[in-house]
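Colleague: Sequence:
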Amino acid sequence: MIFRLDERVIFPDPALAEEDGLLAIEGDLSPERLILAYQNGIFPWYSEGDPILWFAPHQRFVLFPHELRISKSMRQVVRSNKFKVTFNQAFAEVIVACADARREGQDGTWITAEMQQAYINLNKLGIAHSVEVWQDDVLAGGLYGVEVNNIFCGESMFSKISNASKLALITLCQTGNYQMIDCQVYTEHLESMGARMIPRDEYMAMLKS
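With the working numbering, the residue at position 56 of the sequence shown is 61, and numbering never jumps.
The reader is advised that the hints may include incorrect statements.
[To be verified] Calculated cross-link-like contacts (lysine-lysine; reagent style DSS-like; alpha-carbon spacing at most 25 angstroms):
#1 Lys89 - Lys77
#2 Lys129 - Lys89
#3 Lys165 - Lys89
#4 Lys87 - Lys165
#5 Lys77 - Lys213
#6 Lys129 - Lys77
#7 Lys77 - Lys87
Calculated from the structure, these hints are not laboratory results.
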């Protein structure tokens, strides 16, 4: 059963999500609703022109920082000092770049103007964060996401220069601030870096701890 949200800032039990993870539709992207969503393992994901769709997958694709795999070539990039990495210095620029990034098999972006503003608002509240990778003072790559306790719920990443987004993720893992990175959507790229599926119950237990 897919639930229809109204003006009340509430969500149904995430365990009631459909097989594909879809839990509810509509509602809004207010900070209060987004915060409640992430606290309960729920995130919005929809296309331009569609109603807001809220997902709570039964299997979560996550990366534990201590399981991060860094290739030999990537270790050389990390040591090279080719890039400079910062945090929360250009959140709006990062989310716009993620929206503009072309992705194989996707026509357009799910990071709509409404979505961008919603996460910029969360960043101003200190809840959403970005990692920026610079080369010669030009934004080369980065990522953004939402922090819940000591879990980083990754939303999107981009690279304008090869390996820049990888460096952003590696740096995030090496901060020691997070026990888990929620990658949300499976990709071979993230799996090669150590991400794996865990059951929703395990994910929720860590989220609430």
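Colleague: State for each hint whether it applies.
Modeller: Results of checking the hints against the structure:
| no. | hint | in the structure |
| --- | --- | --- |
| 1 | Lys89 - Lys77 | holds, 20 angstroms |
| 2 | Lys129 - Lys89 | holds, 23 angstroms |
| 3 | Lys165 - Lys89 | holds, 14 angstroms |
| 4 | Lys87 - Lys165 | holds, 14 angstroms |
| 5 | Lys77 - Lys213 | violated, 36 angstroms |
| 6 | Lys129 - Lys77 | violated, 37 angstroms |
| 7 | Lys77 - Lys87 | holds, 16 angstroms |
Checked against the numbered hints listed earlier, the structure breaks hints 5 and 6; every other hint is satisfied.
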